[in-house]
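Asks: Construct the complete structure from the given sequences, taking the supplied hints into account.
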Amino acid sequence: MCIRKKTVLFVCKHNAVRSQMAEALLNNIYGDRYTAYSAGSDPSQIDPLVKTVMSETNIDVSHHRSKGFCVFQEVPLDYVITLCDQAKEACPYFPGGNLRLHRSFADPSGFKGNHEETVNRYRQTRDEIKDWIEKEFG
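Take the sequence shown: its letters are residues 0 to 137, numbered as in numbering that gives the first Met the number 0.
It is possible that some hints are incorrect.
Subject to a maximum C-alpha distance of 25 Å in a straight line, what follows is the list of computed DMTMM-like cross-link-like pairs (lysine to aspartate or glutamate) [said to hold, decoys possible]:
#, residue 1, residue 2
1, 66, 116
2, 4, 73
3, 4, 59
4, 111, 127
5, 50, 31
6, 134, 73
7, 66, 77
8, 50, 73
9, 4, 46
10, 5, 135
11, 5, 130
12, 5, 116
Note that these hints are calculated values from the structure, not bench results. Model, not experiment: these values are computed from the prediction.
Replies: Below, the structure written as structure tokens:
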């Protein structure tokens, strides 16, 4: 018996930090049941510190790129999940997006501190997203 994986789109404003982390974490932890994607309402580029803190958990995101909504307009989605308030307001309707969820996480890219403090803030966001994914999808 073949069970279809559920598809999840994580959306954040720039598709640079939180949505990239969520995509990578869900695919890594529950990739046998879910296929995760990410997009942004105003895509930019992946923050280099995302690559750093994700590699600490043996997850390689070096091949990821920032994408806009339009890439997923024709993709059948089971979940569309916004991870910041700006994306929640800007997120368009996706055909097949059967379930829309919102879970806002603080943006570590706005944190002002020295390098180690900043990296720790990215780690904190990564760990918060991971904990939420394990509770929500586990």
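Asks: Decide, hint by hint, whether the structure agrees.
Replies: Against the structure, the hints:
1. 66 - 116: With Cα atoms ~28 Å apart, residue 66 and residue 116 exceed 25 Å; violated.
2. 4 - 73: The given pair, whose Cα atoms are some 17 Å apart, holds under the 25 Å limit.
3. 4 - 59: holds (22 Å)
4. 111 - 127: holds (19 Å)
5. 50 - 31: Distance of about 23 Å is within 25 Å: holds.
6. 134 - 73: violated (29 Å)
7. 66 - 77: Roughly 19 Å between the alpha carbons, so the hint for residue 66 and residue 77 holds.
8. 50 - 73: violated (28 Å)
9. 4 - 46: violated (29 Å)
10. 5 - 135: holds (13 Å)
11. 5 - 130: Holds. Residue 5 to residue 130 sits at ~20 Å (cutoff 25 Å).
12. 5 - 116: Violated, because 36 Å separates the two Cα atoms, which is more than 25 Å.
In summary, the numbered hints that this structure violates are 1, 6, 8, 9, 12.
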